[in-house]
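J.: Residues per chain, in single letters:
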Amino acid sequence: MSDLLKNFISGEVLTKNFEESKPSFNSQEALDEANRCLYCYDAPCITACPTGIDIPGFIKKIASGNVKGSAKTIMESNPVGASCARVCPTEELCEGACVLNHSTKPIPIGDLQRFSTDWAIQNEAILFKAGKKNGKTVAIIGSGPAGLSTARELARLGYEVTIYEAKEEAGGLDTFGIVPFRLPKEISLWEVEQVKQLGVEIRTNTEVGKDIYADELVEQYDAVVLSVGMSKVPMLGIEGEELEGIYDAIDLVERTKNGDYPKEFIGKRVAVIGAGNTAIDGATTSVRLGAENVKILYRRTEAEMTAYDFEYEFAKQDGVEFRWLTNPKRLIGDGDGRITQMECIRMELKGSGADGRPRPVEIEGSEFLMDVDIVVKAIGQTRYEKLIEAFGLEHKDGVIMVDSDTFVTSNPKVYAAGDVIFGKGNGEAMVVTAAQQGKETALAIHERFKESAMESVY
Amino acid sequence: MADISINFAGIKSPNPYWLASAPPTNTGYQVQRAFEAGWGGAVWKTLGEPILNVTSRFGAHHFNGQRVAGFNNIELISDRPIEDNLKEIYETKKLFPKHVIIASLMVEPQREKWHEIVKRVQDVGVDGIELNLGCPHGMSERGMGSAVGQHPDLVEMTTMYAKEAAEVPVITKLTPNITDITATAKAAARGGADAISLINTINSLIGVDLDTWNTIPNVNGKGAHGGYCGPAVKPIALNMVGECARNPEVNIPISGIGGISTWQDTVEFMLMGAGGVQICTAAMHHGFRIIDDLTEGLENYLDEKGIDSLSGIIGKSVDKYTDWSNLDLNHKVVARINNDVCINCNKCHIACEDTSHQCIEMLKDENGNDILRVREEDCVGCNLCSIVCPVDGAIDMIDLTPTEPPMSWNDRQAAIQTLEKR
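Chains D and W, in that order, give the protein sequences.
All letters in the first sequence, in the order written, are residues 0 to 457 by numbering that gives the first Met the number 0.
All letters in the second sequence, in the order written, are residues 0 to 421 by numbering that gives the first Met the number 0.
Heads up, some of the hints might be wrong.
[Claimed, not checked] Restraint-style ranges between C-beta atoms, simulated for each label pair:
hint, chain 1, residue 1, chain 2, residue 2, range
1, W, 4, D, 91, 55 to 61 Å
2, D, 240, W, 365, 53 to 59 Å
3, W, 357, D, 219, 53 to 59 Å
4, D, 10, W, 392, 57 to 63 Å
5, D, 404, W, 379, 41 to 47 Å
These are calculated hints, taken from the structure and not from any lab test.
Glycine included, C-beta positions come from ideal geometry on N, C-alpha and C.
Take the sequences, apply the hints, and build the full model.
T.: Have a look at this one:
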């Protein structure tokens, strides 16, 4: 990482900085670890996986040399299993549940999953085929993990599925929203391809509400699934936010996913506001863009931070500094409208707020100035409220209300899954959760139509 | 420190570990390296009319990531001129007078040929002679090796031929490729053998290549059966040693061979009646340096048991090895699971449920934790659960207090006969 500290970074080095940071297992490593798996019965790792992958099963298939079968086992349960192999907080899920935690050390399930899915990618394996058409049509809005997962399952059941995607490429969060050094874009695009080869049509550059209207979709299709995820980072709501040098972390990550590396980070002091998954992505991206110093500012403490432990570790390894109980109050620019300083204030935790989390309170008179060249905002994400309203769906602050079993919204023709229903005490904003919700949504749709559908694969 | 030297059929050895007659004892250079490393003896690679070998020669059975669970070879006896071998045996014995050199011999089953070869090796100072009547491949097609070793009368005769010329102890090496090992063991004893050694290798084909469909190993597209050895054959060898040891008509020392890889294996073979052991595959896998742990582990074991020499263990389990009909039908063993040690892999449950007696239940304790419990009234004490359990101490096999006096099948049949007579 010493290259990062220099004030000049060649394009080559930049590109290298954004390559996947963790090397994949070679065959021998995979085999050694696979052979270590006990092949538990009713294994807790399966229970801990939101998509219920038969983990001992796919691992034994690695051990036997049936890597194609292994990949199929993974992708069968999780249509975005290649991405999840990289981005799942495995120590809190499958690996955390591994019984070997109680005797030696857990099986590196994520790495093994990556080994098998990488094999499928490299060997262009065809793992699934579309079901016989049953005459029913479904529109899916948004091609992220939830949308892809719904589409994949519906296509296998014989539904004619059309995905509407506002961006130029499909894959949503996995394609655009997770740093490339953890999840290269081509992994997500392979998962998109898997869905496309089942006959699912993906209409990119097509924004619902602009290029096609919500009413039309509800009218034209037998069912509509809303899986649009979340939007940009909200405004901080403080003075100076319009200055040059202020970045939205989501936008920043998206640029790097497209191979567009902003040059102005080189040698700069960066402050990232927030301490969730996206904040870590914003901070580690800044480091890789050549920033000299990167600080994460958080108004609560380490204990309340929503980033996963492994993300925290990753950021610390990258040299990111953490400033707890610190909140920005004002952004200060120079005469040219560029940010140069940030006024911060110290916080303390007092009692707990409505959400039950400790409430950060400003310590009066503790304001101080921090010299910064760039600020990256990562304080959460806004919702696509307008779109939700266009469908006339019941929601709370942009979180669509659904039936927890069937994912049906207040409109019986419209379903919703993924981050668009996350929040307000509902679930976890993990890729793997979205994938599972997509599967369940597809099943719920099928449950409703299977009587009237002409034929199905099952 | 316990004394691990042995006196095997009159042959004194600083420890019970001899390298078996095989590739590791092909040359003086190798045997001298072995003695320097600490091996007690070496059975020189079989001498006979020099032969031609093929390439390739070895194959191995790997299992679940473990290399060399079993090992197979189609190499024949020494392909070096007999004079070279004799010269090196002489030199090696001079350099290492306290170490044992045994000449392994194989010639056609003719009196004169045996007399001649026995005299030649005796002249260079060997401590004993081992008759290779076990090699199962190649040589057997020429009427030697196991072609002899599978016929008790030929075993007896060949042993006799060797004994007629021998002034040093003669060990007859037995092939396991036979229905009843004691038949040839008794024949060797009748022929005057001072000892027997067993087992030689087992007829084997390691595998078939999934892409070329060639045998493994193959020689220019063709394969032939080889001899199997290594850890996988240990239980077969141990049984054969035990069967010979408990047979009163055999009653001569036994050199244990077959998959011995550790000092624990050595203790087991000696308990089951071996007066010394021979090792090959473990050395081929790891080199001669394994002798360090083999000897030290054995010494430590004896020290911990308070036994001062190997005579304190040799044959001590032979009386415990008997026929099934002498086993106590009233003895009850059941499995008990220690849930504080158990890691809940549930392998015992599924093994029992699918393949044994359906008596291990997956339950929740009062705190909602997963636990496993054996329904002892249905448990037949088969051991399967404790075998598949990956954690030491998680499953104990418990002897239940007997409710009835011991009764074997033989006891039972005798009792029934007594009743019928009344």
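J.: The structure should be examined with respect to each hint, and the outcome stated for every one.
T.: Comparing the hints with the structure gives:
1. In this structure the hint that residue 4 (chain W) and residue 91 (chain D) lie 55 to 61 Å apart at CB holds, the actual value being about 59 Å.
2. For the pair residue 240 (chain D) and residue 365 (chain W), the beta carbons lie near 56 Å from each other, so the given range of 53 to 59 Å is met.
3. Roughly 56 Å separates the CB atoms of residue 357 (chain W) and residue 219 (chain D), a value that falls within the hinted 53 to 59 Å.
4. Taking 57 to 63 Å as the suggested C-beta distance range, the pair residue 10 (chain D) and residue 392 (chain W) conforms, at roughly 59 Å.
5. The hinted window of 41 to 47 Å between residue 404 (chain D) and residue 379 (chain W) holds, with their beta carbons roughly 45 Å apart.
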